[in-house]
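Chemist: Whenever a hint applies, use it, and build me the whole structure from the sequences.
Protein chains in written order, with our numbering: chain A, 142 to 859; chain B, 108 to 547; chain C, 20 to 168.
Rather than coming from a laboratory, the hints here were simulated on the basis of the structure. Hints may contain errors.
[To be verified] Result set (DSS-like, lysine-lysine): computed pairs, CA atoms no more than 27 Å apart in a straight line:
| # | chain 1 | residue 1 | chain 2 | residue 2 |
| --- | --- | --- | --- | --- |
| 1 | B | K298 | C | K130 |
| 2 | A | K556 | A | K323 |
| 3 | C | K149 | B | K363 |
| 4 | B | K124 | B | K246 |
| 5 | B | K298 | C | K149 |
| 6 | B | K184 | B | K246 |
| 7 | A | K323 | C | K48 |
| 8 | A | K442 | A | K719 |
| 9 | B | K298 | C | K33 |
| 10 | A | K222 | B | K305 |
| 11 | A | K198 | B | K305 |
| 12 | B | K161 | B | K184 |
| 13 | B | K298 | A | K179 |
| 14 | B | K246 | C | K48 |
| 15 | A | K758 | A | K345 |
| 16 | B | K390 | B | K114 |
| 17 | A | K360 | A | K345 |
| 18 | C | K162 | B | K246 |
| 19 | B | K305 | A | K225 |
| 20 | C | K27 | B | K317 |
| 21 | C | K48 | C | K149 |
| 22 | B | K298 | C | K48 |
| 23 | C | K33 | B | K317 |
| 24 | A | K707 | A | K719 |
| 25 | A | K195 | A | K222 |
| 26 | A | K505 | A | K538 |
| 27 | B | K305 | A | K212 |
| 28 | B | K246 | C | K111 |
| 29 | B | K124 | A | K538 |
| 30 | A | K179 | B | K305 |
| 31 | A | K644 | A | K661 |
[As the list claims (entries may be wrong)] Label-pair distances were calculated between CB atoms; the ranges are:
| # | chain 1 | residue 1 | chain 2 | residue 2 | range |
| --- | --- | --- | --- | --- | --- |
| 32 | B | L177 | C | K126 | 49 to 55 Å |
| 33 | C | P157 | B | V538 | 16 to 22 Å |
| 34 | C | D124 | B | Q517 | 45 to 51 Å |
| 35 | B | K114 | C | P29 | 42 to 48 Å |
| 36 | A | E266 | B | A420 | 31 to 37 Å |
Ideal placement from N, C-alpha and C gives every residue a C-beta, glycine not left out.
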Amino acid sequence: MLEIEIDGKSLQVAEGSTIMDAAHEAGTYIPHFCYHKKLSIAANCRMCLVQVEKAPKPLPACATPVANGMKVFTHSELALKAQKGVMEFLLINHPLDCPICDQGGECQLQDLAVGYGSSASRYQEEKRVVFNKNLGPLVNTDMTRCIHCTRCVRFTTEIAGEMEMGQAGRGEHAEIMPFIEKTVDSELSGNIIDLCPVGALTSKPFRYAARTWELARRKSVAPHDGLGSNIIVQVKHDKVLRVLPLENEDINECWLSDKDRFSYEAVNSEQRLTKPMVKQGGQWVEADWGVALDYIGHALKDVVKTHGADAVGTLVSPQATLEEMFLAQKLTRELGSHNVDFRLRHSDFSLDGKRAGTPWLGMKVTEFAKLDRVLVVGSFLRKDHPLLAQRLRQSAKRGTQVSLIQSVDDDQLIKNTLRAVGLPSQLPQVLAEVVKAVATAKGAAVDAALSGVTVSAAAQKIADSLVSGSNAGVFLGNFAQQHPQAASLEALAQQLAKLLGAKHGVLGEAANSVGGYVAKALPFGHGGNGLNAAQMFAQPRKAYLLVNTEPELDSANGAQATAALKDAAMVAVFSAFKSEAALDYADVLLPISPFTETSGTFVNTEGRVQSFNAVAKALGETRPGWKVLRVLGNVLNLPGFEYVSSEEVRDEVLGGADEFVNGLDNGVNAAVSLNGAAAGGVERIADVPIYFADALVRRAPSLQRARDAAAPAARVNA
Amino acid sequence: MALIATKNPLLTVGWEKGDAGWGIKEYEARGGYQSLRKILTEKTPPENIIAELKASVLRGRGGAGFPTGLKWSFMPKVINGDRYVVCNSDEGEPGTFKDLDLLRYDPHSVIEGMAIAAYVMSANRGYNYIHGEIFEIYKRFEAALDEARAAGLIGQNILGSGFNFELFAHHGYGAYICGEETGLLESIEGKKGQPRFKPPFPATFGLYGKPTTINNTETFAAVPYILKMGGEQYLNLGKPNNGGTKLFSISGHVNKPGNYEIPMGMPFSELLEMAGGMRGGRKLKAVIPGGSSAPVLPGDIMMQCTMDYDSIAKAGSMLGSGAIIVMDETVCMVKALERLSYFYFEESCGQCTPCREGTGWLYRVVHRIESGEGRPEDLELLMSVTDNIMGRTICALGDAASLPVRSFVQHFKSEFEHHIQNKQCLVPHDVQRAGSSFYM
Amino acid sequence: LIDREVAKYPADQKQSAVMAALAIAQDEKGWLARETIEYVANYLEMPAIAAYEVASFYNMYDLDPVGKYKITVCTNLPCALSGGVHAADYVKEKLGIDFNETTADGKFTLKEGECMGACGDAPVMLVNNKRMCSFMTPAQIDKLLAECK
Ligand SMILES: Cc1cc2nc3c(=O)[nH]c(=O)nc-3n(C[C@H](O)[C@H](O)[C@H](O)COP(=O)(O)O)c2cc1C
Ligand code: SF4
Ligand code: FES
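Modeler: Following this line, the structure appears as structure tokens:
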């Protein structure tokens, strides 16, 4: 520890920290633009100049390492003069268009200028004008406002993993830009908006939508991937106008993926369903809630009476709230059916009943970031889990070795990854090779099922890497969990983890993949066995309840699902949206709230319970899903539907667990079988494109215009 | 080619033969590579060599004038991993053209100097960064490298000593800022030449993040000669604390512009003589004694100076790179400053705020004054803008851009005021036109 | 040709050859088009924008087409004192173009240069980044322009 003094206040700081770090600890604010705690140090803006005893010149706090006994003055005359001087330089070529600037009100330059800039400019010459650049549909540019702090450049290079921005030219002619005619296509691109200290980079969808100070800021949780990024939703007149990250070092740090940031556009979309609708004689008519719910009530009772409760099937989206999931399954079970599931994209359910508990990440996200060896099987990592991939990207810089077994040789932009590529049907084989290699290396017995396996060079490399570590982790991505032989993959992952003395887990597919288990939205293990998601369509039911999901797009076999739904006697859709497909196969449409208009809970991939409240008033006659289900329970006069708040529901589900849920366990009791792999031939890679994955992103126009939304050219791996 | 006159030549003995004298044969004929051979055969302890350099008080010839022996002793002792020696031949400081002739007439002295440096600091790789506009010189240096390689004086296991040193030439492509040592390193790494914040210094974090020592071409060239004659002798060629001889590049209004090697401490008046005196016998008005970044000095003050770091510093300027820009009475100081300010404005790397924004501001104001639109408050403004630039930037270009402005205004205030009041030059245009001999 | 440059640097430092590679590409194509820069970047396995940063940072790269002969005249102070500016004026007059312009026949492009480190030989001109011409008098300029066929 070093002993130093800042503005007369003495404190101890760690070896190697900078004056900026020290000031941070001392709670002293030093003005800055280019410095950012998550980025490398550029020291180019010079705003952080401070006086240091015995130093002839003012020094940049962000780049100057503290020395023992150092005396720093952040607001001395010398320091202030230097800071004022820099501020003047920054302003001479900065347009004075704050009144029309989207950054107005949250602009670091504006804020500091008020404190430092002298009102009248001594600069009488022509101001610089810089042409704007097209960065794509998400980020808007006003490059004349740029102050060349290079935060955006450093972000793309260091955090997003691909240098998509640079500083071209020299001196006053220097311009921040992407390569000619290129856009910024990173799935994390939106973060450069937050990083830009001025209004040079702003949100395109938000452009001119409102003045920042008119916006109410409300906390919420991102409803897409399993990470459950914390967000601030900004609302004006009950309309969601912008989403920003809510810093949480344990989860999303200060970042946000583009899908989490821009999917809000969907809740303002034309396709919102605002009134209950009922199909009468093939005609859709708007109806009162009462009428609509009675209609469902009767229909359900009929079906149960004539065909038995087993004719009822309930499908819940893995992005539904814990409360919606729980009430949906409770209602179904009370009707006497166990046909309820949320795992629509899965195709191998053979582990049902053989699980020791709820599959999860297997560790905290912060522990995930500390692993020194990582193997990820079957994942489009960057797109499926943008911020987990980012964590690995940073670990890799610290020496963590990341290995990937995937069906497409995508570059995850993670430093020197080892990759083994195999046809989808071959994934289990490839993983088996690694398991075998590791077993051999460890001198352990090899599972008989692997006797026929021959280890490829790539697999051997991965094995060697894994064995060389002391804190390894083995993970199954979405593609592996949805794989026809998911069971074998899980069993192999478990074997591998055992051999390595490592932890294993799954990368949570969706915002509530863990929650689904906790809420019992499963056909097994809760007083009887029913049909799983695949079976419910393979063996069509008479009545379907669809909560928040669009099976034609959300399930493993969309065509089969659509067929089953068309033939059903009654399909009740609980959704925020009106879709052509639903109008075709449904009989009742009930407008339920998207995540912005209801309270609820998501349990993220590390088992963390995250509850949130509505951030905006429900649109039209939309009602929160949990309320609708609760009332439907009453309509069907089923017992135990007297909840008065979503919290009440949640507490019943969680049984006391508040921060993390109980029963997390990736253990499976299953044997590996490597046959049944239709080797060779041409196989389609069943990749779920990032901006296609759920009902919200599908309806966010800006995301749909992004590179990653370009029609999934059915990727084939021959 | 530039004229050469010398007083007891050292660095320039090889120059007399002109373009015929650069080859390795000629170099060895005049005793070249003896120092290197001696060191490698006797396995001279590096400390001894550093001691000699310290005794010689050789000061960096690149501009900063930092004692070379001391600099070499900064390299971390622990010998593991790569280390580099880099030669700075990106001679871009207006008025300087000595390294050009050094590489043209005596490239092997630089190679030998670098090899010795590599031996002392146990570096195994080196680069010579050569100014972009001098392609022929770059080619010649590469030819010299081939010769040295063929003769086994660089490369693997040099002269069977087990010492390896690979040396290459890196061709710049037009950026003054790459003369700044860390900008230069960035440039070799294949990036734009934006200087790095120091600390860390190159000695600990240099090329590719490895320990690196950078010296100017002339500095390296002097090393073999020093070791041959001994530090003491070398020091005595010059005057105390200003060791040896130095190359001076004289440009501007003299009869014989060119490079001159003279012992440190020779009176400027004498040097001016050697350079053939003032062109057309006109009156000496001003001199920039150390390259365009050094403060200008009025002629009469300059005539009192001797050519060494201390004397010039006492007069309020810097010996810098030893580029002497001589101006006679036909020069309009405002126009002269305008051109210099334009240079720094164009060459700022654009990285840090005060320089990126400030150099443009300075140029525009000076330009305004020159074109008759100056305002009374402008001189004040210029001073305060330079105040806000100096000492607040990442590299010294900020200061380099400010010092000329300050000194020009300080020493020739009346000319600037005349410009502002009468919206025109004190020096009639036809007189200025006559200044350059072009139309004769 | 590029590989010879790559060989100068440590194996994991291909990017160091980018300046030379761009120079070679420019000599071959006359100027650096977007595609050319992208090609070089891919060849050296570096981001295209990083190569563009370099191409746009150094004076001697041309990001726009230039004439068959690019003449760069140093007008910096030391040269100017010995006629640098006047020499430039003379060339402008002869070719009927200003700095950064190209003659109608696409033969000549004129550029204003910064110090070339040859102030002693002023006025100096650089032809196509390679050939340095010293002590340029009107007569010699005429001769030079005549030589450029
Ligand atoms: C803007 C700027 C330009 C410079 N240009 C050169 C140059 O052209 N040649 C040079 O040798 N040193 C130049 N230097 C000095 C170098 O940074 C460095 O001090 C020098 O190469 C060290 O070598 P020396 O110790 O032998 O002088 C420049 C410095 C600055 C700040
Ligand atoms: S002072 Fe100028 S040249 Fe030096 S780093 Fe800053 S901007 Fe670049
Ligand atoms: S924050 Fe320190 S220089 Fe920008």
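Chemist: Are there hints from earlier that the structure breaks, and if so, what are their numbers?
Modeler: Violated hints (numbers, rising): 6, 28 and 29; every other hint is consistent with the structure.
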